[in-house]
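Going line by line, the protein sequences match chains A and B.
So the first sequence is numbered by the numbering used here: it starts at 1 and just counts up by one.
So the second sequence is numbered by the numbering used here: it starts at 1001 and just counts up by one.
There could be a bad hint or two in this list.
Listed next, the in silico SDA-like pairs over lysine to any residue satisfying Cα-Cα at most 20 Å (straight line) [claimed, not checked]:
(1) 1047/B / 250/A
(2) 1040/B / 246/A
(3) 1225/B / 43/A
(4) 1004/B / 185/A
(5) 1047/B / 235/A
(6) 1006/B / 140/A
Label-pair ranges, simulated between beta-carbon atoms [what the hints assert, rightly or not]:
(7) 1138/B / 232/A: 44 to 54 Å
(8) 1221/B / 203/A: 21 to 31 Å
(9) 101/A / 1140/B: 53 to 63 Å
(10) 1036/B / 200/A: 36 to 46 Å
(11) 1112/B / 281/A: 47 to 57 Å
(12) 232/A / 1473/B: 53 to 63 Å
(13) 1179/B / 232/A: 46 to 56 Å
(14) 1159/B / 232/A: 53 to 63 Å
It is worth saying that the hints were derived from the structure and are not from the lab.
What you are looking at is a predicted structure, and each value in this text was computed from that prediction instead of being measured.
By construction, the Cβ of each residue, glycine as well, lies at the ideal position given by its N, Cα and C atoms.
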Amino acid sequence: MLESGSIHSQLSFRDKILSLDYVLVCSILLLGIISMFAMYSTDNGNFDYHTKSHISRFVVFFIFFLLISFLNLKIWHQTSTLIYVFFFILLLGVKYFGLSSSGSQRWINFYFINLQPSELMKVGLILFLAKYYHRVPLQDVNRIKFLFLPIISLIAPILLVITQPDLGTSLLIAAGGVSVAWLAGVRIKFFAYLSIIFISLLPIAISFLKPYQKARILTFLNPDRDPLGAGYQIIQSKIAIGSGGFFGKGFLNGSQSYLDFLPEKHTDFIFTLFSEEFGFFGSVSILLLYILIISRIVKIGDITRSNFGKLYCYGFATAFFVYVVVNMGMVLGLLPIVGAPLPILSYGGSSMLSIMLGLGIAMSCRVYKDTPIG
Amino acid sequence: MMSKSKLISRRMFILGIAKTVVFAGIFGRLVSLQINESKKYRTLSDKNRFREWRLAPQRGIIKDYFDVEIASNEKVYQLHITPENSSNIETLFFRLKNILNLSNKKISFLKKKIKKQKPWEPIIVSDNLSWSEFSRINLFLHELPGVEPIVSIARVYKDTSSSHVVGYVSQVSAKDLKNKKYIRDMAVRGIAVGKTGLEKKHDQDMIGKVGFQRYEVNAYGKRIKQIHHDKGKAGIDYKTTIDLEVQKFAAKLIEDKAASINVMDIYNGDIVAMVSSPNYDPNAFVHGVGNKYWKYLIEHEQKPLMNKAVSGLYPPGSTIKTIVGLSALENDVVSTNLKVRCTGSIDFYGQRYHCWKKKGHGYMDMRTAIKKSCDVYFYEIARRLGVDRLSETAKKFGLGKRVLDGFTEERPGVVPNTKWKKKYIGQNWYLGETLHSGIGQGYYLSTPLQLCLMTAQLANGGYKIKPQIIVGADKNRNNLKNYIKYKKENPVEGITADLIIPSFSINPLFRNQENINFIKEAMYASTNEVGGTSYRSRITNKKFMFAGKTGSSQIKRFTAEQREAEVKQNQIIYKDRDHALFIAYAPVQNPKYAISVVVEHGGSGSSAAAPIAKKVIKKVLERDALRVSKINQIGKDI
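Assemble the whole structure, with the sequences as input and the hints as a guide.
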């Protein structure tokens, strides 16, 4: 114990550089470059606002990602509760000082960025629960006494986010939290109980939903119900993806997006735009790139010695997987439109920040893979 | 108990499998959308981005024989609205109502139409604005989003003399859409469809091929760029055999009567003039006929919409005596020398049959009987001939069936015989009816065009011709002319002449041409000899001299008292007066044209119809040289 600790306190900068997962770094970089081209296309082939700000964000947050990779994993472990509490306070802040846009209140204005704390909470919760379950002995995991804190730490932010209202992000936050808890050994039957309670509360919850959210769920069940209204997005997205064919319509030739048939093309529907222009070939490439990133994070989890690191990496990988699947499932018409960005590709600073933070911590797990956590 | 990290790893393994399954599902979805169904989505994507605006083609023009346009196209000013470009349709209509005096009824009709069609499809608010309305719209245009003033092309008829034969176009009706596939297929707004006459008959060819403009549009319907522009194809122009000058002249002569005039080239069947009166203004229909005018046309007792030349059915009256005489001669029932004494009436089987001349004509042979139109003589001939043999000859010469192709207004008329009566009336034939048939009364009904054809086929020496209105429609139209010309250049007589007939594929209607010549000669007498029924209308100038036969067809039988009192036609009410008929050919020396004139309730043929025919014949023959030169110019005829 003391031996290994002494080894890692001696990690030189060179050692750190060498111990980065370059496959992961390159995949992220590649995805970042692809996202720049996609953004350029959403600006109809002009080097306009979205493209410029997306590129600058990617560059800044990519450097941020590299920097935090070098932060000792111990520091993440020590500060994770603090980080969670900080993000939670920000979420509370949204409630009182938040900016409203198109019917929901999700952002806080920090002058240089309109921050969306719910995005950060996606990583914050994983970090917090990883630390919690790192400490809790295995035999105590399923004891009620030890379930209180996870449930509260999970439910509290989700409630805040749902009432913004932002169904998509709250689901994604939940996905991260639940996967860490399950990985840590919480019994499946516990989740079953939780689901039963949730489902029985669903009708009541639905009555609290905004009309547009109800419409989205109904529309998912039958997209042709109102083709020019709520079903429009799904139909147009499917048309765009399907019409791409095998090799796509070509860069900057996506008529669906160019002619504005595609809604939210910068953010939630960026995959649709890419699929239209680069076809099956392009969309499968993106899919493979995401699978590669996820498997690299899992790999880091495998080689990390500490349970904190393992729980964090596995939890984040699973959450990352859920982000990708929810977004793709949504634009492919497999899931209802809930409003979930695609990691790195979608336009949006908070989402990019959150993903880069998450990836940075995962990379830190790799660099400090042998560092023991108390 | 297993270690914590082992548990975590094991659970991660399970999650890994789940992830693989889910990713496989997404992959499968991509395969299905982008590979299996990509064609379908490609089509849907094109449907999104392309919009087509169809363009009505220019309608073919109808010209007369001298290339004067009868039905032409002219610029019209129209007002279209594209609903999606208008921010508020209600206020737009409110503004337009003040500018254009639109009725509330029209507005609610337009609103209903807007609901039925796609928002980018323009709707025609008015298809024929006056210049002042059009300039007013242009003045306020900046306040009227969605409104498009458009200069388009529409049908115009420069004079109304040919309104019946040419017909008119009007807006597509539900019935047109149902019955005519080519109109359904065109699916273009604002197209006009031929409703009657030549406009109807040749509508499909005259209407042209629809063009379209395909634009790429964005999600808001804004046109981004033009992808394709197909100008379509203008309809086919038609050249008719009509001489508009004669047409106008004839129309003027009968403008205040209910009458019709047909003039035909006796060798090729060219209809030089076909006029029906009273006529109507076909221009009134092009942009939708107004209620008031429509009511006037429908309620008018002289039926202006009817083309009396082909739809009017009249008993042929004494004009049929030419055929009765010919039939009797051809069937060897009588000789031309047969003498019958007319005492003003004749009794058969206890029934008295009157001659038009109360005092009687005295002893008559066939020539004199035709010349003076003696009824008693033809009662006797008809009695000997029988109605069945008469009907055969009458049908051969063009009575009792439609003579034009595809002219839906044309009616066939009636040539009765014993079988016909059994079939349509369900009774046996009475002999008395044969006697009435002999003077063109009873069941006999014919159109003025049929009478003209009958005359033409007598005048040309007894050969079958096919009446035509469109130049070049019939390949055989010059056969008879070629034959006559050949015969003139190679004078042969009798059997030899008959032998060459088949090589010209012409169709003689006679057994012995001498009989035809006899009838023609009798018609000459009727007009040009003292005592002839149309003697007063004769032209002595050889160039214009014609031969004709009058006819008066009875509407109402005279009562014995009226007959006794010698009531004149102008003393009885209009509707009960006889129809006046006249048929003729001219010039006598070298016949070229046949004419028929029918004046409804005109009284007698000699006083009402023959004088009109005289003027028309003169006009036609004056223009004959011009027509012949046109033939040579075309190079198609002789």
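Hints broken by the structure, by number, lowest first?
-> 7, 8, 9, 13
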